[in-house]
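Below, each chain spelled out in residue letters.
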Amino acid sequence: MTFINKRADFAAIANWISPNSQVLDLGCGDGSFLEFLQTQKPVHSYGVEIDDARVLSCVQKGLNVIQQDLEGGLALFEDASFDTVVLSQTLQTIHQTETILREVVRVGKECIVSFPNFGHWSHRLAVGLGRMPVSKSLPYQWYNTPNVRVLTVADFQNLASSLGLKVLDQCILHEGQQVTLMPNFFGSLALFRVRSA
Amino acid sequence: MSELHLSRNTIHFAEPLPLQSGAMLSGYDLVIETYGKLNADKSNAVLICHALNASHHVAGPSPDDPEDIGWWNNMVGPGKPVDTNHFFVIGVNNLGSCFGSTGPMSANPETGRSYGADFPVITVEDWVNTQARLADKLGIRKFAAVMGGSLGGMQAMAWAIQFPKRLAHCVVVASTPKLSAQNIAFNEVARNAILSDPDFHGGNYYEHGVVPKRGLRLARMVGHITYLSDDDMAEKFGRELQRPNGESDDYRFSFDVEFEVESYLRHQGDKFSTYFDANTYLLITRALDYFDPSRRYGGSLNRALAEVQAKFLVVSFATDWRFPPNRSREIVQSLLSNKSEVSYAEIDAPHGHDAFLLDDERYHKLIRAYFAQMLEVQV
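Residue numbers (our numbering), protein chains in the order written: chain E, 1 to 197; chain S, 198 to 576.
By construction, these hints were calculated from the structure, which means they are not laboratory data. Treat the hints with care, since some could be wrong.
In silico BS3-like links for lysine-lysine, alpha-carbon gap of 25 angstroms or less [what the hints assert, rightly or not]:
hint, chain 1, residue 1, chain 2, residue 2
1, S, Lys536, E, Lys41
2, S, Lys362, S, Lys339
3, S, Lys362, S, Lys375
4, S, Lys234, S, Lys334
5, S, Lys536, S, Lys362
6, E, Lys109, S, Lys536
7, S, Lys362, S, Lys239
8, S, Lys536, E, Lys61
9, E, Lys61, S, Lys562
10, S, Lys339, S, Lys239
11, S, Lys468, S, Lys410
12, E, Lys109, E, Lys166
13, E, Lys61, S, Lys339
14, S, Lys239, S, Lys334
15, E, Lys61, E, Lys41
16, S, Lys362, E, Lys61
17, S, Lys375, S, Lys536
18, S, Lys468, S, Lys433
Make the full structure from the sequences, and use the hints.
Written out as structure tokens, the structure is:
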């Protein structure tokens, strides 16, 4: 992902977070988003990350970080204990998709889920030509990708509905710009704001 | 500046100490070691709390025996994760221990003889009270951090509960909010070994000029098993036979030392029984058993930790089966529930409970980063 693209993602998520709220960032990576968020508005936050090096980066940034595997659920966290739970470009890396979605809406009063849109035209074209897509939003080869679930904007909408999640808002981006025309075709990064219905 | 600046002192406390048990201890001494330099506003002090068998001697060569290197020398010192170029680090031998601070071996001022069995039972909370008095004497109003592993981690936690305003950071490594039945059971086996040694004499063995060495040896052997992981033991010893002179690998069909692991445990037990005091062993294992800050809050650790102000760093080790990661997660869960500041790392080290004392790059990098971050925030 390019720097600009990443920031656009961050800015869009940060827009949905209220000042002075309790924020939980699942799969927080090296803490870049939480660090960015703190420059935007006062929040109280924790990150969750499994990777040793990324946990270390978070500690170096002075962030609260909890090392754990999201596949195991969120037993450490109480119901509705966070104003916003962020699952930023992490959903596609988790095997237990339904479990984690149920868990995020249990723990968060609101949740922001973002993921790369497999339905982007360039990905469709690549598959149409017989190859797995490699792009800015899906920058890996099929054999080394950390992504274990590939999904489209429409797929997420369907799953959200079947899990009884209420979609409060959605923002589909490409190259940092919001896409309103045929977002499942022209958008490469999808952001949804959801809560339990 | 890259010297350790080690200084060892015995500090006398004349004011009687009320204990959790209701008993009162008249004057007492604490032996401390310090490293690095206390800054002008006394804001860079770090208290290191020790576990069962350690002491004030945390880092560097001992002033009276250069061969005796501090128990957390890989963690504390100039350029180490807890960098004494920046922090003033204090190691204190806990009350009731046997390395110079007042304990069962010391003379009871009322009788002139060793306390022995009459030394009062001490709790983690009592230790923290003595450490707070020590901080008062040193003019330290607030520690930059209180840190410890295992039983030392319990003290750090108790600090955050008892004196929430007096520490900025609380570093709890390989610890637990309370012992499990299994933990207590192991302690009981160890105590029983000591209590049933004919040389124990009800705790007054000093007068008889003997030491319950057999009991201490057994206590240490059983304890030691719980400090290592199964994998670690398999790797270190496997089923290797003890055959020093290239003798035949045939079984000897005897009860002498056959396997390497037996030889190792006996060696550890023997070594321990020459330097550790049996009454102290009883005392400290009991302090471990009794520790349970949730007890006075109806079993709620959340409530016990409700007044905490310190930022926590909680660290566990994947193969620690004495205080496994789940026990650390209980602490983390309560801190999260209270929305306290906390970071938690689970280090995938193979060395069981002992890992907190050993070199591990991920572990040491993490502690280093955490302490470095403290300095940035201070400035």
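Verification of the supplied hints:
no.: 1; hint: S:Lys536 with E:Lys41; verdict: holds (18 angstroms)
no.: 2; hint: S:Lys362 with S:Lys339; verdict: holds (7 angstroms)
no.: 3; hint: S:Lys362 with S:Lys375; verdict: holds (23 angstroms)
no.: 4; hint: S:Lys234 with S:Lys334; verdict: holds (16 angstroms)
no.: 5; hint: S:Lys536 with S:Lys362; verdict: holds (17 angstroms)
no.: 6; hint: E:Lys109 with S:Lys536; verdict: holds (16 angstroms)
no.: 7; hint: S:Lys362 with S:Lys239; verdict: holds (15 angstroms)
no.: 8; hint: S:Lys536 with E:Lys61; verdict: holds (19 angstroms)
no.: 9; hint: E:Lys61 with S:Lys562; verdict: holds (14 angstroms)
no.: 10; hint: S:Lys339 with S:Lys239; verdict: holds (8 angstroms)
no.: 11; hint: S:Lys468 with S:Lys410; verdict: holds (10 angstroms)
no.: 12; hint: E:Lys109 with E:Lys166; verdict: holds (11 angstroms)
no.: 13; hint: E:Lys61 with S:Lys339; verdict: holds (23 angstroms)
no.: 14; hint: S:Lys239 with S:Lys334; verdict: holds (12 angstroms)
no.: 15; hint: E:Lys61 with E:Lys41; verdict: holds (17 angstroms)
no.: 16; hint: S:Lys362 with E:Lys61; verdict: holds (24 angstroms)
no.: 17; hint: S:Lys375 with S:Lys536; verdict: holds (21 angstroms)
no.: 18; hint: S:Lys468 with S:Lys433; verdict: holds (19 angstroms)
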